[in-house]
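Peer 1: Residue numbers (the working numbering), protein chains in the order written: chain H, 1 to 169; chain F, 1 to 169.
These are calculated hints, taken from the structure and not from any lab test. It is possible that some hints are incorrect.
Pairs count within a copy or across copies, as identical chains cannot be separated in the list.
Stated by the list, open to error - Subject to a maximum C-alpha distance of 35 angstroms in a straight line, what follows is the list of computed DSBU-like cross-link-like pairs (lysine-lysine):
1. LYS7 <-> LYS102
2. LYS15 <-> LYS102
3. LYS15 <-> LYS87
4. LYS87 <-> LYS102
None of these values were measured; they are calculated from a predicted model.
2 protein chains.
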Amino acid sequence: MTLRSEKPLDSTDWKILRELQRDARLSFNELGRRVGLSSPSTAERVRRLEEAGILTDYGARVEPTRVGLPVQAFIQLRCAPGMCLFKTGSAEQFPEVLEMYKLSGNHCALLKVAVSSLPHLEALNERLGRYGEQITNIITSNVLTHRIIDQEQPEMDAHPPTNQSWNVQ
Amino acid sequence: MTLRSEKPLDSTDWKILRELQRDARLSFNELGRRVGLSSPSTAERVRRLEEAGILTDYGARVEPTRVGLPVQAFIQLRCAPGMCLFKTGSAEQFPEVLEMYKLSGNHCALLKVAVSSLPHLEALNERLGRYGEQITNIITSNVLTHRIIDQEQPEMDAHPPTNQSWNVQ
DNA sequence: CGTGAAAATACTTCCCT
DNA sequence: AGGGAAGTATTTTCACG
Numbered sequence: 001m002t003l004r005s006e007k008p009l010d011s012t013d014w015k016i017l018r019e020l021q022r023d024a025r026l027s028f029n030e031l032g033r034r035v036g037l038s039s040p041s042t043a044e045r046v047r048r049l050e051e052a053g054i055l056t057d058y059g060a061r062v063e064p065t066r067v068g069l070p071v072q073a074f075i076q077l078r079c080a081p082g083m084c085l086f087k088t089g090s091a092e093q094f095p096e097v098l099e100m101y102k103l104s105g106n107h108c109a110l111l112k113v114a115v116s117s118l119p120h121l122e123a124l125n126e127r128l129g130r131y132g133e134q135i136t137n138i139i140t141s142n143v144l145t146h147r148i149i150d151q152e153q154p155e156m157d158a159h160p161p162t163n164q165s166w167n168v169q
Numbered sequence: 001m002t003l004r005s006e007k008p009l010d011s012t013d014w015k016i017l018r019e020l021q022r023d024a025r026l027s028f029n030e031l032g033r034r035v036g037l038s039s040p041s042t043a044e045r046v047r048r049l050e051e052a053g054i055l056t057d058y059g060a061r062v063e064p065t066r067v068g069l070p071v072q073a074f075i076q077l078r079c080a081p082g083m084c085l086f087k088t089g090s091a092e093q094f095p096e097v098l099e100m101y102k103l104s105g106n107h108c109a110l111l112k113v114a115v116s117s118l119p120h121l122e123a124l125n126e127r128l129g130r131y132g133e134q135i136t137n138i139i140t141s142n143v144l145t146h147r148i149i150d151q152e153q154p155e156m157d158a159h160p161p162t163n164q165s166w167n168v169q
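Working from the sequences, and respecting the hints, build out all of it.
Peer 2: Here it is as structure tokens:
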């Protein structure tokens with residue numbers, strides 16, 4: 001949170017991030033073995049990554065389908081004037097909403113939701129109706145969820161200086 | 001994966017799921033203390049939840065902004081005929097893609113991506129261009145990410161049974 | 001920053017209820 | 001299914017390079 005040294009991550013840090021993204025419950029012992037460090041050093045690295053706000057949290061993932069929420073969908077919301085979901089009702093009133101983003105463009109919000117049935121989805125749509133127009137798309141398959149963030153960026157180098165500030169790499 | 005007993009979860013199971021979704025690195029000792037169970041019993045419960053496919057994995061979360069990926073966006077893809085991203089190039093060729101879903105409706109895919117800059121996003125758009133038309137929306141704020149799945153469903157009652165076969169459980 | 005060693009915790013297995 | 005106790009492993013602290 002505070003201003004930090006912002007040291008660039010070395011390859012050991014990246015190994016740690018990789019392993020912990022794949023299995024957050026690894027012991028420091030085992031993690032240290034995998035990255036080539038003793039367990040105290042490993043614990044210290046992890047502590048610093050947390051303090052730097054790079055490792056933000058550790059979460060077990062629950063399969064919605066197995067707990068009675070077999071239908072997942074994205075709902076795009078274009079908020080009605082003066083009734084934006086961000087300002088009026090907070091999304092916490094809707095337990096079906098797992099994620100909520102504010103987006104550029106025509107729609108002010110994108111919601112990811114999990115519900116027990118299509119009727120339940122329809123009911124949710126109706127409850128959301130007062131916040132504005134919606135476009136709902138059901139997820140028909142999760143091709144890729146939670147890809148690991150791995151290594152620093154694909155070359156941001158190669159920026160031939162141009163006079164267009166938005167000009168790409 | 002196999003056919004299961006499918007016992008409904010009791011309130012202790014839900015407490016465990018809640019705590020582990022919030023902190024996947026909790027020790028069985030501490031977890032047991034929080035849910036009112038000894039550590040062997042707790043470990044056994046967790047093992048069963050994993051075996052039932054309810055707890056699918058444990059992942060550390062990395063803040064993209066802190067590792068040089070300050071721009072996140074959703075890209076809707078309408079695949080060109082015969083060039084669907086699911087069939088031809090697998091999404092793994094694009095390290096920027098963190099999540100990928102197949103959706104009902106006009107667009108065949110929704111991608112969540114993280115990139116180093118707007119030029120980088122533009123470059124990605126161009127590389128994806130051959131797979132079909134795109135609509136890109138930048139995430140301007142993460143209002144809610146990874147809401148915890150908590151308790152069985154919000155009342156699925158109030159659904160008068162109908163004779164429509166698509167009416168889900 | 002890293003390590004090794006010792007003390008404090010935590011985990012696992014086994015048996016009993 | 002859950003609890004207790006014993007043996008093993010892991011975490012944490014600390015002195016030192």
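Peer 1: Checking an output row: LYS87 and LYS102, CA cutoff 35 angstroms. Within, between, both or neither?
Peer 2: both (12 angstroms within a copy, 31 angstroms between copies)
Peer 1: Within a copy, between copies, both or neither: which one fits LYS15 and LYS102 at a CA-CA cutoff of 35 angstroms?
Peer 2: Both: 32 angstroms inside a chain and 31 angstroms across chains, each within 35 angstroms.
Peer 1: When no copy is specified for LYS7 and LYS102, does a C-alpha distance of 35 angstroms or less occur within a copy, between copies, both, or neither?
Peer 2: Within one copy only: 30 angstroms inside, 39 angstroms across.
Peer 1: Go through the copies and call it for LYS15 and LYS87: within, between, both or neither, with a Cα cutoff of 35 angstroms.
Peer 2: Close across copies (31 angstroms), not inside one copy (41 angstroms); limit 35 angstroms.
Checked against the numbered hints above, the structure breaks none of them.
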